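Take a look at the letters that make up each chain.
2 protein chains.
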Amino acid sequence: MSSYQKLEDHFREIANFEHASGILDWDNAAMMPSGSADVRAAATASLSVHIHKLSTDSRIPDWVGEAKGEQLDEWQVANVREIERGFTMNAAIPADLVEALSTAASNGEQAWRSMREKNNWQDFKPYLDEIFKLSREQGQALGDASGKSPYDALISIYQQGIETKDIDPIFTDLKAFLPDVVQAVVERQNMAGNLVTIPRGISIEKQRALGLATMETLGFDFNRGRLDVSHHPFCGGAAGDVRLTTRYDEDSFLDSLQGVIHETGHALYEQNRPQAYLGQPVSEAMGMAMHESQSLFMEMQLGRGAEFIAYLAPLIRQQLAPAASPDDKRWSSETLYAISTHVEPGLIRVHADECTYPAHVILRYEMEQQLIAGSMSVADIPDAWDASMQALLGLSTTGDYKDGCMQDVHWPSAGVGYFPTYTLGAIAAAQMKAALLRAAPDIDTQIARGDLSTTMNWLRDNIWSQGSLYGMQELMTNATGKALDVSDFKSHLKARYLGE
Amino acid sequence: MSSYQKLEDHFREIANFEHASGILDWDNAAMMPSGSADVRAAATASLSVHIHKLSTDSRIPDWVGEAKGEQLDEWQVANVREIERGFTMNAAIPADLVEALSTAASNGEQAWRSMREKNNWQDFKPYLDEIFKLSREQGQALGDASGKSPYDALISIYQQGIETKDIDPIFTDLKAFLPDVVQAVVERQNMAGNLVTIPRGISIEKQRALGLATMETLGFDFNRGRLDVSHHPFCGGAAGDVRLTTRYDEDSFLDSLQGVIHETGHALYEQNRPQAYLGQPVSEAMGMAMHESQSLFMEMQLGRGAEFIAYLAPLIRQQLAPAASPDDKRWSSETLYAISTHVEPGLIRVHADECTYPAHVILRYEMEQQLIAGSMSVADIPDAWDASMQALLGLSTTGDYKDGCMQDVHWPSAGVGYFPTYTLGAIAAAQMKAALLRAAPDIDTQIARGDLSTTMNWLRDNIWSQGSLYGMQELMTNATGKALDVSDFKSHLKARYLGE
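Chains as they are written, first to last, in the numbering used here: chain S, 1 to 500; chain P, 1001 to 1500.
For the record, the hints were derived by calculation from the structure and aren't laboratory data. Among these hints, one or two may not hold up.
[To be verified] A few chain P residues that face chain S, going by a derived Cβ cut-off under 8 Å, partial list only: (1) Gly1035; (2) Ser1046; (3) Arg1188; (4) Gly1225.
Only a predicted model underlies this, so the values are computations on that prediction, with no experimental measurement involved. Backbone N, C-alpha and C define an ideal beta-carbon position, used for all residues, glycine too.
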């Protein structure tokens, strides 16, 4: 057996345990009775330890070295490259730091769940102290192994191929661009008058049927996936068995629908990964920014676009209010579009619209850099948060930790370096939509009549089927003709929100 | 760390992977989209291999040897005893036989699913040939390691502490006793006239609510368990997270209800295992016959008993037909009792009543002995099956493989030696009920008013909380004053079905 083959076998084995872990995590959020949390935590910890052990198997670098001398095609070469990169990162972090991070994340997340509700910053702070201390060590260790700064190394856990030197100019540009846009959009909205309120009291059963029908329209493969309910919607499960969740509120069906469309974007990427290499690192999505580009393509570029809403509105009315008249303004595409594109600065990132979302990300990105560099301490976070929110969105968070610096699960669960991927994904999605429009100038007409074949084929050919064959910037360049660039995103916002 | 402590840590680790495996199996049957079968099979195979590897770790016998010299309490002593027994059995079977059995079982079960429907014995037979060949090797290897005959060794996989020398007299007794009983019961039924038919068209939603309410009445802990739907009902999941399934037919709600009561018996055993030793072999149920005694205690002794039905009937009516009059004969306890205790010889084991069920088991038990001994070949099975069915129940299965020798999944999935546990469990359940009656002479009055506390406390104290502290016969003797004995079962049948 060739050393390359040994690598494939070994990583197929790892993928099998990751399958188990992914399904258990989904079950934990969507199915598990609450009293079973302790036995489940023990089971998933054993799985994690085992996966880490397999991932740092000392035979891997030997096989990699030998495989490089073997006859390999371009996918196999890329697979070896990804394996080597992953091994280097995994091996860079000492076992006791892995364990300390895992414990701190578990404790931090638990503390966050109970203390956020009580707005209890004082008792929460020590958990963040520990997290940032360990994240600094993690960044240092990863950076030493990869020649990156600690914060760049942390970013690379979630998205390889992009660093602060690439992100800084993009975010600086947006910081200058967005405030005027937001102000202009809000004024425009105010001039247009009040929104028609969204119909309320829509049963969960009807909403679920609408969600399923929309997933079907988008091409979700129910033969290899499901839709369920969880407190925090996500796309999880395993390659070949994608588990997507949403939550329902009878008084705001659009939140659930848009959530389903968003998660379906993640799911389509997962379901259309290169099947011949399933279980191998090269088949995996090209990082979390690229993953987010797919969910935001579906939610923002497609799902909140006037064309798809024009197609969807009558179907929504028929499904949710079959007795309503086609002229009922509450169900018109104009109303649904207005609600879907409403802009309003707010405190909470996850509720933010397309125009104000980047401000939430930039705030966290700038703070993370300082926290990892050591130029800001955890004790400074609340004041710094308030100052940034004032500067970026004109809102105060003084004393409001719950809706301020305690709103996200990322930091307490040791996800430092993750936040930038959201906005990088939004920018990439706009860039892809622009490229698609160049390739198919009538794409909006196609979408307006519910014909998504060109759109989905473009994404399948250019993104989903590519796995990790190319690095992020090469993938973007192959797909759109250029590396990640903020201009299409800015044009998109101006076109959609200001009619420019 | 003491060697005993090392054993506990090691088996806690094994239990964690078994937790993962149990939840994945439940998911497979109750949740998984059908197209994910291939990736799931790969994942569960990796888990099985890993569990087998941990279970045959060569350090175990050393730790066992050292632990025996350490200061241990009676639970720890029993834990070491169970660990040693399990290790001896696991180590007795060569790795290539484990793999061959696993492959044959997987292929056999798949063949069974497709060929049973088509009544296709000819193409199915080679799979059974392979299974029985490997089962003989398995029995031989296990027998060599434990000083048992090959078939006794196979039985011990499912129930330790009982062998053919104990089972033969019991089954011989039943073979002589049952035909006359069945004939008398059928005549008695015929004299009593036609059954009132069961109400049909009961929605699944209502049936599910009734099932959940009944589980609640029986003391199922929903904080550590769930009820879902699968094609074949089962009680699975993991210790501390029990997953129970049923199936619904709008035209026969009693089947689902009685299935739920049966599976709840298994679940109560699992949920009430000794918590301090969860994850250790000593906390496990004392074999499959004892497990079946709990499901049959709930279904047969309690659930189909006149007293519990008297309590349940008005609740069933209120839940399923709230508009029905209390005098509506279709919902009376007399009707529900008559249907629940209807006796009728039939071809299918899983549909058999309490009086004819042992015949199905005895037939299989006698054939398994000959098949393992080599005095019968797989080709002889259909004729032998027909002859036995004629002799035991007066029914012909000539040419009907589907409802004859191809009806069960046990043989194609390599479960040779399992069948006797069903009837041993039924006998044990009757013996426990008789002991409970001696301990609480008014127990039937308590049950009739829906007060199950004495019943459940007795089972908890005498069976569930005992785990594997004692062997099967010691457990039975402690609980009922004697080893397994068929007399209480016979008395129970005569009392319930013949009014004697």
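Outcome of the hint check:
Restraint check, Gly1035(P) versus chain S: the minimum CB separation of about 4 Å is within 8 Å; hint holds. For Ser1046(P), the suggested interface contact is upheld, since its CB lies about 4 Å from the closest CB of chain S, less than 8 Å. Because the beta carbon of Arg1188(P) sits about 45 Å from the nearest beta carbon in chain S, more than 8 Å, this interface hint is broken. For Gly1225(P), the interface hint holds, since its Cβ comes within 8 Å of a Cβ in chain S; the closest pair sits about 6 Å apart.
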